[in-house]
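S.K.: Sequence:
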Amino acid sequence: RKDWPPLAERLITHDSEEIRLAAVRALGRYGYLDKLDHKSFEEPRLRATALFFQANGTKDPAAHRGIQSLLSGSSMDGALAALLAAIIEHGSKRWGDVLWTLRKTEDAELAPLLPQAIVRVQDPRFIPALISRLSIREGREEVRTALVSIGDKAFKALCEVLDAPSTDPEL
1392 RKDWPPLAER LITHDSEEIR LAAVRALGRY GYLDKLDHKS FEEPRLRATA
1442 LFFQANGTKD PAAHRGIQSL LSGSSMDGAL AALLAAIIEH GSKRWGDVLW
1492 TLRKTEDAEL APLLPQAIVR VQDPRFIPAL ISRLSIREGR EEVRTALVSI
1542 GDKAFKALCE VLDAPSTDPE L
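Quick note: the sequence shown uses this note's numbering, first residue 1392, plus one each step.
Some clues are possibly wrong.
Derived Cβ-Cβ restraints for the label pairs, each shown as a range [stated by the list, open to error]:
{"id": "1", "residue 1": "Pro1560", "residue 2": "Gly1457", "range": "39 to 47 Å"}
{"id": "2", "residue 1": "Glu1497", "residue 2": "Pro1556", "range": "24 to 32 Å"}
{"id": "3", "residue 1": "Thr1404", "residue 2": "Ser1526", "range": "43 to 51 Å"}
{"id": "4", "residue 1": "Leu1553", "residue 2": "Thr1404", "range": "50 to 58 Å"}
{"id": "5", "residue 1": "His1481", "residue 2": "Ser1557", "range": "33 to 41 Å"}
{"id": "6", "residue 1": "Gly1457", "residue 2": "Lys1495", "range": "19 to 27 Å"}
{"id": "7", "residue 1": "Ala1413", "residue 2": "Arg1485", "range": "17 to 25 Å"}
{"id": "8", "residue 1": "Asp1425", "residue 2": "Pro1519", "range": "36 to 44 Å"}
{"id": "9", "residue 1": "Trp1491", "residue 2": "Thr1558", "range": "19 to 27 Å"}
{"id": "10", "residue 1": "Glu1408", "residue 2": "Ala1454", "range": "25 to 33 Å"}
{"id": "11", "residue 1": "Trp1395", "residue 2": "Glu1497", "range": "37 to 45 Å"}
{"id": "12", "residue 1": "His1405", "residue 2": "Pro1556", "range": "51 to 59 Å"}
Within a straight-line C-alpha distance of at most 27 Å, the following computed BS3-like cross-link-like pairs (lysine-lysine) qualify [said to hold, decoys possible]:
{"id": "13", "residue 1": "Lys1544", "residue 2": "Lys1495"}
{"id": "14", "residue 1": "Lys1544", "residue 2": "Lys1484"}
{"id": "15", "residue 1": "Lys1484", "residue 2": "Lys1495"}
{"id": "16", "residue 1": "Lys1450", "residue 2": "Lys1484"}
{"id": "17", "residue 1": "Lys1450", "residue 2": "Lys1495"}
{"id": "18", "residue 1": "Lys1495", "residue 2": "Lys1547"}
{"id": "19", "residue 1": "Lys1426", "residue 2": "Lys1393"}
{"id": "20", "residue 1": "Lys1484", "residue 2": "Lys1547"}
{"id": "21", "residue 1": "Lys1450", "residue 2": "Lys1426"}
FYI, nobody ran anything at the bench for these hints, they're computed from the structure. Ideal Cβ placement from N, Cα and C applies to all residues, glycine included.
Using the sequences and the hints given, assemble the complete structure.
M.R.: The following block contains the structure:
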C-alpha cells in the first residue's frame, strides 16, 4: 500500500510522544522523512530519530553533521537515548563509530541501551569497554548479553581479564 504516508504524517503532531516517535520511525524506514517539514522535529527524541534515518543512508553515519551535533554534547534530554533506540531497531555495522564515541558514557538512561546497540552492530572492538562496564549495576544484564552475542573473542578476553591479578574485585 502506498496510501499510508499522509496518514502517518498526521501522527507526527499527535499528543502521545510514543505515537509521534513511531510515526517518524515508520516514515524514516521507508524514506518519506525528506518530504516533510523538519520544523516538526524540534523535540529532541523526534529530531534524533529523524537524524538517524537521514544518516543511515550515508556511508559513514558518524560523519553526518546532525549526528555529530548530537554526539558533541549539545543534545537535549532524551536525544541520545532515541538515537540508540533507532540503532537497536534498525542499525548496522556502520554505526560502530557512533557507539564508540558513546562507549564511556555514565548516563543512567543510556546504560542499558548502549550494550543493546552494540549487540546490533556486532563490533569486537567494544569487548574491553563492555567488560569494564560489568562492575556497574545499571545495564549489567545487557552488557552480559552483548558479550555473549560477540562470541568466543569476548569470552577469551573476559577470561584473561578475570584471571589477571590486577583485576578489580568488583568486576
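S.K.: It remains to establish, for every hint, whether it holds in the given structure.
M.R.: Hint-by-hint comparison with the structure:
1. In this structure the supplied range 39 to 47 Å holds for Pro1560 paired with Gly1457, their Cβ-Cβ distance being about 43 Å.
2. The beta-carbon spacing between Glu1497 and Pro1556, approximately 27 Å, falls within the hinted interval of 24 to 32 Å.
3. For the hinted restraint 43 to 51 Å between Thr1404 and Ser1526, the CB-CB distance of approximately 44 Å keeps it satisfied.
4. At roughly 52 Å, the beta carbons of Leu1553 and Thr1404 sit within the given window of 50 to 58 Å.
5. For the pair His1481 and Ser1557, the beta carbons lie near 40 Å from each other, so the given range of 33 to 41 Å is met.
6. Between Gly1457 and Lys1495 the Cβ separation comes to about 22 Å, which falls inside the hinted range of 19 to 27 Å.
7. As the Cβ distance of Ala1413 to Arg1485 is approximately 24 Å, the hint placing it in 17 to 25 Å holds.
8. Our hint of 36 to 44 Å for Asp1425 and Pro1519 holds, since their Cβ atoms are close to 38 Å apart.
9. As the Cβ distance of Trp1491 to Thr1558 is approximately 23 Å, the hint placing it in 19 to 27 Å holds.
10. Taking the beta carbon of each, Glu1408 and Ala1454 are about 29 Å apart, inside 25 to 33 Å as hinted.
11. For Trp1395 and Glu1497, the hinted distance range of 37 to 45 Å is satisfied, since their beta carbons lie about 41 Å from each other.
12. A C-beta distance of roughly 57 Å is found between His1405 and Pro1556, which places it inside the suggested range of 51 to 59 Å.
13. In summary, the hint linking Lys1544 to Lys1495 is supported, as the alpha carbons are separated by about 21 Å, within the 27 Å threshold.
14. Taking the CA atoms of Lys1544 and Lys1484, the gap is about 17 Å. The hint holds against a cut of 27 Å.
15. Annotation: proposed proximity of Lys1484 to Lys1495 holds, straight-line Cα distance about 19 Å (limit 27 Å).
16. Restraint check for Lys1450 and Lys1484: the C-alpha separation of about 11 Å stays at or below 27 Å, so the hint holds.
17. For the given pair, Lys1450 sits about 24 Å from Lys1495 by alpha-carbon distance, which is consistent with the 27 Å threshold.
18. Proximity of Lys1495 to Lys1547 is assessed by CA-CA distance (about 22 Å); at most 27 Å being required, the pair is judged to hold.
19. For the suggested pair Lys1426 and Lys1393, the alpha carbons sit about 15 Å apart, so the restraint of at most 27 Å is met.
20. Between Lys1484 and Lys1547, the direct Cα distance comes to roughly 22 Å. Compliance with the 27 Å bound is thereby established for this hinted pair.
21. At roughly 21 Å between alpha-carbon atoms, Lys1450 and Lys1426 fall within 27 Å of each other, so this suggested pair holds.
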